Amino acid sequence: MDSDGNRDARGTHAGPVPRPAEPPRMPAAPPRPAQAPAQAPAEAVVPGVPPLPDGSAFLSWLRTPRPPAPPGVWRFGHRPRPREEPERTPGRQLLSGALIAFLVGWLIWSLLWNGYLGGWWMLPLYAMVPDSWAESYSFGAVVASYAYYLLIGGALLAGVAKLGRWGEVWRRYGPPAWTRSAAPRAQRPPAPEEDPAAWPALRAAGAADAADRLAADARAGLMRDVDQARIARAWQGVAGGRHSLAAFTGAVLQHGAGACPHPSGVRDLPAREARHDLVTGQVRLGATAEDERNPYAYRGTGLALGPDLLGTSLVAVGPAGSGKTGRVVRPLTESLCLHALAGRAAVVVVGAAGAGLGPADAFDVVVRIGNPDSVHDLDLYGGTTDPDEAAAVLAEALVGDLADPHPGGDSRRSTTVLAQLLGPFQAVHGRFPGVPELRQLLDGAAEPLAVLRRGLQEAGQESLLRELDARERQMVQPGDLGGTLADRVALLDRPAFASFFDTRGQSRPFSLKALDHPVRVRIDLPARGHADASRILARLVLAQFTASVGAREDRSLFACLVLDEASGVVTPEAVRGVQRLRSAGAGVVLTLRTLDDVPRPLRGPLLGAIGCRMALSGLTPWDGQDFAEVWGKEWTEARDVTDRQIIAETPAGKAVHMLRRVITGKAPTARAVTVRQVERERWSASELAHAVPPGHAVLSLTTVAGEHAPPLLVDLRG
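Sequential numbering of the sequence shown, starting at 1, is according to the UniProt record's numbering.
Just so you know, these hints were derived from the structure itself, not from any lab. A quick note: this is a predicted structure, and the numbers were derived from the prediction, not measured. Among the hints, a few may not be true.
Label-pair distances were calculated between CB atoms; the ranges are [to be verified]:
{"no.": "1", "residue 1": "Q506", "residue 2": "G265", "range": "27 to 35 Å"}
{"no.": "2", "residue 1": "H255", "residue 2": "G430", "range": "37 to 45 Å"}
{"no.": "3", "residue 1": "A353", "residue 2": "A191", "range": "39 to 47 Å"}
{"no.": "4", "residue 1": "P319", "residue 2": "V675", "range": "56 to 64 Å"}
{"no.": "5", "residue 1": "D640", "residue 2": "W106", "range": "52 to 60 Å"}
{"no.": "6", "residue 1": "A638", "residue 2": "Q236", "range": "49 to 57 Å"}
Cβ atoms here follow ideal geometry from the backbone N, Cα and C, with glycine treated the same way.
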């Protein structure tokens with residue numbers, strides 16, 4: 001068994017996974033996991049360090065604790081914090097109080113010992129011992145006296161220690177604090193049944209030989225984090241009954257850490273920039289700020305995202321230069337590509353050519369629209385053979401941004417117009433029309449329509465003839481959408497795109513029907529000089545994505561579409577499609593320079609449909625208002641402090657007040673504090689516009705299970 005069923009040989013599926021444009025270049029020696037620490041410190045990961053000869057770096061990384069944590073917390077080596085901030089006394093006040101309590105206790109003991117307080121405190125001792133002991137200096141009397149002194153002194157010491165909070169002083173400044181600040185010591189290897197490097201699940205299922213082979217490869221430094229995640233994914237298929245244990249065991253015994261490979265044969269990315277943890281599936285984007293507006297449990301923790309959060313989709317809004325591409329899109333793309341190599345995800349990244357979305361050799365398919373050197377083409381119809389489905393997707397791409405955001409808009413009428421032409425054309429030619437052919441049909445050219453009519457008559461397609469007759473009648477009606485559609489198609493009928501969108505089988509088109517495989521795809525849009533065409537293509541990819549992922553059989557394979565710069569892409573149908581992605585095991589990542597790029601009626605539905613919302617620094621106040629509304633309000637404690645001047649009524653009091661004013665320069669006042677519960681916005685529009693530092697963002701999170709994280713101030717540079 002060399003795959004888990006999601007990575008079958010090419011040509012065995014209706015939509016096979018395309019191969020990379022170039023043969024994969026396998027490294028001479030397997031590199032270490034880029035984030036594996038040398039000694040398993042919680043946050044001391046140095047990318048690029050070569051592996052240790054015995055594989056201890058990988059084992060240390062794999063055995064590092066990953067405790068459960070709130071959504072968005074970087075779990076690798078995380079140390080949980082209490083939900084509420086404990087009351088912390090200032091150090092100066094704590095030490096001075098401890099010293100004063102000690103001096104008071106010493107004074108009381110001195111007074112007792114020297115008899116200045118009388119002998120009443122000895123009465124309990126006299127009541128318990130014989131009278132003869134009190135008049136003699138026998139051994140028993142001495143022992144009883146000193147035991148009594150020790151009891152009284154111990155009680156006094158305990159009271160003083162509690163009053164002076166010596167326990168807190170010990171924990172804050174004593175050996176416990178020294179131990180916490182010291183470097184973590186090397187831990188003993190866990191027991192085999194608890195050691196993830198020993199593959200206990202395989203042993204429990206009777207595959208001890210396979211577990212021994214994988215453990216040996218890990219100790220020898222032959223296993224990467226991608227290998228561990230990929231084989232774990234394949235084992236899930238065995239445990240779920242989709243594949244046989246014998247085939248899995250045979251593949252592992254034969255290939256070891258290289259078993260169950262990705263179709264490309266690649267076992268790692270050529271280079272990594274972000275920090276990844278494939279055990280939890282997270283990629284670290286930064287750190288939450290030590291800010292009072294952040295919940296105490298989040299302050300100072302790492303901020304990470306994974307498929308459990310991206311499954312609710314993400315929208316990031318911020319001006320150019322705020323870090324959307326470099327600090328959000330690039331790490332997420334890198335993480336999703338690693339998940340694809342592990343057989344866990346399929347990713348499609350769409351952006352302008354030269355946007356820096358990752359090197360070409362990090363992807364299986366690179367579609368460079370408008371570039372004659374592009375190896376792959378884009379399927380204009382998404383790989384479907386259903387004319388109605390193709391018409392709906394193409395109509396969304398062409399006029400989705402022009403459609404009325406309310407039901408009954410132009411999108412449905414455009415779908416009807418396209419279906420009236422695509423169905424007859426497919427019946428006659430056995431394929432869908434190319435861009436020039438579709439433009440002629442929408443323009444009402446006589447010759448192409450006559451060819452369709454003759455072909456339908458010869459084939460006896462009466463129902464399709466009626467569709468064609470209806471299209472010809474509507475063409476002469478005022479307000480017909482055929483001309484609008486033809487104008488939009490004309491944006492794609494340009495010399496730069498002459499070799500693209502071919503339907504005659506002369507190119508290698510990529511179809512989003514391939515998203516039932518762990519494929520890595522990058523689509524470069526010709527933004528320079530073809531801005532309108534790029535927006536049409538971006539809407540086309542989004543429409544094809546939402547249509548394709550909903551029809552997949554295996555939804556355990558997470559599918560994600562990353563749209564860098566989604567201006568003009570958000571349409572009513574796109575919002576409805578995003579709402580359906582969570583149940584389909586998919587998500588989208590959208591970036592916008594401003595919410596003004598989204599029609600006003602769609603801003604609220606868009607932010608409501610997406611679970612993870614990010615507002616980067618430099619946001620405008622009107623954009624901040626939309627985020628403030630969707631994040632809502634919370635109850636908080638407000639403290640009102642009032643200073644009231646004290647008026648002295650007696651001559652002595654007036655003299656004291658005058659002396660105090662001369663010394664302090666201020667009039668004597670009495671302070672009154674009023675505490676009340678008020679409802680305030682979590683983040684106001686003004687705070688989002690002016691209080692978010694450069695390189696920071698405010699991010700709210702929602703998992704596919706429904707867990708929420710409030711808006712967090714995050715340092716994307718941390």
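Next on the checklist: Taking the Cβ atom of D640 and the Cβ atom of W106, is their distance within the range 52 to 60 Å?
Outcome noted: violated (43 Å)
Next on the checklist: Within 56 to 64 Å: is that where the Cβ-Cβ distance between P319 and V675 falls?
Outcome noted: The hinted range 56 to 64 Å is violated for P319 and V675, with Cβ atoms some 40 Å apart.
Checklist entry - In this structure, is the beta-carbon distance linking Q506 and G265 contained in 27 to 35 Å? => result Holds: the Cβ-Cβ distance is about 28 Å, inside 27 to 35 Å.
Next on the checklist: Verify the CB-CB distance for A638 and Q236 against the hinted window 49 to 57 Å.
Outcome noted: About 51 Å separates the Cβ atoms of A638 and Q236, which means 49 to 57 Å holds.
Item to check | Whether the CB-CB distance between H255 and G430 falls inside 37 to 45 Å | outcome: Since the Cβ atoms of H255 and G430 sit about 43 Å apart, the hinted range of 37 to 45 Å holds.
Item to check | Cβ separation of A353 and A191, checked against the hinted range 39 to 47 Å | outcome: violated (53 Å)
When each numbered hint is compared with the structure, violations occur for hints 3, 4 and 5.
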